[in-house]
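Chains as they are written, first to last, in the numbering used here: chain P, 554 to 852; chain F, 554 to 852; chain Y, 554 to 852.
A couple of the hints might just be wrong.
The list makes no distinction among identical chains, and a pair is therefore deemed to hold if it is satisfied within one copy or across any two copies.
Stated by the list, open to error - No more than 30 Å apart at the CA atoms, straight line, and that leaves these computed lysine-lysine pairs for DSBU-like:
1. Lys847 <-> Lys837
2. Lys634 <-> Lys720
3. Lys578 <-> Lys819
4. Lys720 <-> Lys807
5. Lys625 <-> Lys720
Calculated from the structure, these hints are not laboratory results.
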Amino acid sequence: MSLHSSLGLASWLGGQHHGPERHWKSVSSLACAGDEDLTFSEGTPTQECTAAILLCTAPVAGLCCITTDDPKLAFIRVLEKMFHVEQVGRVDAHAVIDPSASVHETAVLAPGVVVMSGCSIGARSMLFPNVVLYPNTQIGADCRIHAGTVIGADGFSYHPTAEGLRKVPQIGRVVIEDGVEIGANSTIDRAFLDETRIGQGSKIDNQVHIGHNAILGRSVVIAAQTGLAGSVTIGDGALLGGQVGVVEHTHIGKESRVGAQSGVNKDVDDGQTVLGTPAEPAMKMKRIYAALRKLPDRD
Amino acid sequence: MSLHSSLGLASWLGGQHHGPERHWKSVSSLACAGDEDLTFSEGTPTQECTAAILLCTAPVAGLCCITTDDPKLAFIRVLEKMFHVEQVGRVDAHAVIDPSASVHETAVLAPGVVVMSGCSIGARSMLFPNVVLYPNTQIGADCRIHAGTVIGADGFSYHPTAEGLRKVPQIGRVVIEDGVEIGANSTIDRAFLDETRIGQGSKIDNQVHIGHNAILGRSVVIAAQTGLAGSVTIGDGALLGGQVGVVEHTHIGKESRVGAQSGVNKDVDDGQTVLGTPAEPAMKMKRIYAALRKLPDRD
Amino acid sequence: MSLHSSLGLASWLGGQHHGPERHWKSVSSLACAGDEDLTFSEGTPTQECTAAILLCTAPVAGLCCITTDDPKLAFIRVLEKMFHVEQVGRVDAHAVIDPSASVHETAVLAPGVVVMSGCSIGARSMLFPNVVLYPNTQIGADCRIHAGTVIGADGFSYHPTAEGLRKVPQIGRVVIEDGVEIGANSTIDRAFLDETRIGQGSKIDNQVHIGHNAILGRSVVIAAQTGLAGSVTIGDGALLGGQVGVVEHTHIGKESRVGAQSGVNKDVDDGQTVLGTPAEPAMKMKRIYAALRKLPDRD
Numbered sequence: 554m555s556l557h558s559s560l561g562l563a564s565w566l567g568g569q570h571h572g573p574e575r576h577w578k579s580v581s582s583l584a585c586a587g588d589e590d591l592t593f594s595e596g597t598p599t600q601e602c603t604a605a606i607l608l609c610t611a612p613v614a615g616l617c618c619i620t621t622d623d624p625k626l627a628f629i630r631v632l633e634k635m636f637h638v639e640q641v642g643r644v645d646a647h648a649v650i651d652p653s654a655s656v657h658e659t660a661v662l663a664p665g666v667v668v669m670s671g672c673s674i675g676a677r678s679m680l681f682p683n684v685v686l687y688p689n690t691q692i693g694a695d696c697r698i699h700a701g702t703v704i705g706a707d708g709f710s711y712h713p714t715a716e717g718l719r720k721v722p723q724i725g726r727v728v729i730e731d732g733v734e735i736g737a738n739s740t741i742d743r744a745f746l747d748e749t750r751i752g753q754g755s756k757i758d759n760q761v762h763i764g765h766n767a768i769l770g771r772s773v774v775i776a777a778q779t780g781l782a783g784s785v786t787i788g789d790g791a792l793l794g795g796q797v798g799v800v801e802h803t804h805i806g807k808e809s810r811v812g813a814q815s816g817v818n819k820d821v822d823d824g825q826t827v828l829g830t831p832a833e834p835a836m837k838m839k840r841i842y843a844a845l846r847k848l849p850d851r852d
Numbered sequence: 554m555s556l557h558s559s560l561g562l563a564s565w566l567g568g569q570h571h572g573p574e575r576h577w578k579s580v581s582s583l584a585c586a587g588d589e590d591l592t593f594s595e596g597t598p599t600q601e602c603t604a605a606i607l608l609c610t611a612p613v614a615g616l617c618c619i620t621t622d623d624p625k626l627a628f629i630r631v632l633e634k635m636f637h638v639e640q641v642g643r644v645d646a647h648a649v650i651d652p653s654a655s656v657h658e659t660a661v662l663a664p665g666v667v668v669m670s671g672c673s674i675g676a677r678s679m680l681f682p683n684v685v686l687y688p689n690t691q692i693g694a695d696c697r698i699h700a701g702t703v704i705g706a707d708g709f710s711y712h713p714t715a716e717g718l719r720k721v722p723q724i725g726r727v728v729i730e731d732g733v734e735i736g737a738n739s740t741i742d743r744a745f746l747d748e749t750r751i752g753q754g755s756k757i758d759n760q761v762h763i764g765h766n767a768i769l770g771r772s773v774v775i776a777a778q779t780g781l782a783g784s785v786t787i788g789d790g791a792l793l794g795g796q797v798g799v800v801e802h803t804h805i806g807k808e809s810r811v812g813a814q815s816g817v818n819k820d821v822d823d824g825q826t827v828l829g830t831p832a833e834p835a836m837k838m839k840r841i842y843a844a845l846r847k848l849p850d851r852d
Numbered sequence: 554m555s556l557h558s559s560l561g562l563a564s565w566l567g568g569q570h571h572g573p574e575r576h577w578k579s580v581s582s583l584a585c586a587g588d589e590d591l592t593f594s595e596g597t598p599t600q601e602c603t604a605a606i607l608l609c610t611a612p613v614a615g616l617c618c619i620t621t622d623d624p625k626l627a628f629i630r631v632l633e634k635m636f637h638v639e640q641v642g643r644v645d646a647h648a649v650i651d652p653s654a655s656v657h658e659t660a661v662l663a664p665g666v667v668v669m670s671g672c673s674i675g676a677r678s679m680l681f682p683n684v685v686l687y688p689n690t691q692i693g694a695d696c697r698i699h700a701g702t703v704i705g706a707d708g709f710s711y712h713p714t715a716e717g718l719r720k721v722p723q724i725g726r727v728v729i730e731d732g733v734e735i736g737a738n739s740t741i742d743r744a745f746l747d748e749t750r751i752g753q754g755s756k757i758d759n760q761v762h763i764g765h766n767a768i769l770g771r772s773v774v775i776a777a778q779t780g781l782a783g784s785v786t787i788g789d790g791a792l793l794g795g796q797v798g799v800v801e802h803t804h805i806g807k808e809s810r811v812g813a814q815s816g817v818n819k820d821v822d823d824g825q826t827v828l829g830t831p832a833e834p835a836m837k838m839k840r841i842y843a844a845l846r847k848l849p850d851r852d
């Protein structure tokens, strides 16, 4: 049965069908959905829903609904099916690849991409326009590196001498493991020695800066405009909000959470949630913020 | 009469001429102006002025002055006339334009620009070098998008599942209305569904990040390195300082002001001025800052 | 004698040799060094050292050591010698250079570099991929400009008028003096009038934003994601941490220090160290932070 029928879709998704059969042509948000649209709601919709079909957790009277435990996941599965494009390996004629680089035949390199000597790019990885890989950068399989991101530029390091600042040569490299997505206009610096490493499945947003010799574990999530100074280490599954700054040589534990705009200047324990500048445990920081708001009215 | 004569210039500007006629060859700042230069002062100049001609609000003894209500506007009009270049539509041979994109014949696309499928670019808009437009991005008329800016990259969204993070396909688009200027190395993400929209006449500085599904009204001004998380809405005429962060789904009212480096985690009313992290009304935050400075000396 | 012998290396470095002669093939960090590696320690190593040869300040029993006053400088000298590549002037075929630009024959311009009209680039300077120079930008000798950096885009300036915001034409330029290094994806805006200037030997990290008409002295160091609003001036040898914001027209004195994430809204004296938002003298700010942490527990 067609996935464009609510009955067919319910069957494919393994969901429960409620109300009369409907058909959909396109997808939309709950707020914008018209009567030929499929949409979803993570909870019970509080606004009038004018979609043809709603994916949700509990049926809504008068609507054609498909209920599942996770309607957003169901919706994602539909999008993946609708918008799936069989990826064919392709190096655009306007990409510039050093002959010593190794590019998997299924990788996609867009116009303006520059890949310097000794780099490697794994299967099915996509480099969007104007991405730059400095020498010896290793990109795993199934990575997506968005436009304008620069990987492997020199770490920022100068040694003070009697004659002034002397550049510390940066001879390490960057390794991006499998399944990593990196947003647009981010920068990940090469190591002084050894390597800077982004662990498997990590997700990094736009305009993030990752300093030399940082080591990120698996499935680390970093929101936009966050910056890590040199030699920061981050455990698996940690989540950093946007515009966070982390001081050099700091360790951020596994499954920890760092609130947006925090300034982290000491280690964060596994599972801990911190907030503020300098960052403190979130509960404490919220009490500080509350006290601050009352401060002008004291004595 | 020549605009390079103070008398001719006063007439063209509709200003009042004071002192003997002088001639100018070039323009300069008040501080650097030499005796063949035209310059301006927004107030009464407190430094010695060695320019040939001064645009100002009240005459200065011993100088050739042209007075107007708004000397800076008068100066801008001179600059516009002096530096006006008749713009001729041109797509540089080093730009890469998908055949399905629609580029107005008067638009200018510089080297390294990449325009993907389904994009449109309006009359007289300029894309500076290495700008990237992801699929279906719409750019209105009279826009200026500076070098390295990326419009339409995927919004940052992953859905937690039992098997780990699953990418939420980003199938919406970005719409940039007429008369928008965007600085260098900024990023504006495509919507999950529906659209991310930058309203008419808005001005966005360098290294600004605008998350998926943000909706900006008309004439919004955003200074450098500010970041908006997903689904932020901003009313007409709002002004955000530099390095501001705004939490997702926050609304910033019309004609409001957000001080630099603020962290906005709740809605801002129309016309309100807020400051600090977490942002508070500016008057309150200034009292908090004052109290903070005294805090170490209390009891 | 070969520099790959510890005796030969000690002699070349002018250091003191301790222990039996050893030979090295490659370099590594102290933590990762294997038995064919040369490494260094800035202090006395607290971890077991398994390197062939250690550069350090005092001999370690049982190891082949070379002692010098500054082992890191000694190591840098080795790296410089090992990784030295005779730079040959080269403009990549995928760079786009306006015919009116002046490029020194020893300069290196990578793929995707765009150099607009009237620019000049000095001896031995390197522009990494996708660097963009707007018209009239001047780059001195021995500069390194990393990938994706944009120099000379319009300053962010609009004049309020009865008809709305009117763009202030930006007709000044940017001057980068000799020996400057600028990281990846940074932006340095052209001046409104006159110039934006980066002084000799200054070092600027990734994703730094420098507004129009900023004037930086010699050997200024600015860490990643810091932003300077318009017309900021910075004295020689000042050091700004990462994610700092500086309000327009502020002066930051010679040899001063600004802590990471600070918001500087008033002048900083020569030699002063400031911290926080709004920035205060660091000792004071640390007392404020300490008091803050106790605030929730006060009555």
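Cross-check of the supplied hints:
1. For the identical chains of this complex, Lys847 and Lys837 are neighbours both inside a copy (16 Å) and across copies (10 Å), given an alpha-carbon limit of 30 Å.
2. Taking identical chains as interchangeable, the C-alpha atoms of Lys634 and Lys720 lie at most 30 Å apart only when they sit on different chains, with a minimum of 13 Å there against 51 Å within one chain.
3. Taking the closest pair of Cα atoms, Lys578 and Lys819 never come within 30 Å of each other, the shortest separation being 53 Å inside a single copy and 37 Å across copies.
4. Within a single copy, Lys720 and Lys807 get their C-alpha atoms only as close as 34 Å, which misses the 30 Å cut-off; across copies the closest is 21 Å, which meets it.
5. For the homomeric pair Lys625 and Lys720, the shortest alpha-carbon distance between copies (11 Å) is at most 30 Å, but the shortest distance inside one copy (50 Å) is not.
The structure fails to meet hint 3 from the earlier list, while all remaining hints are met.
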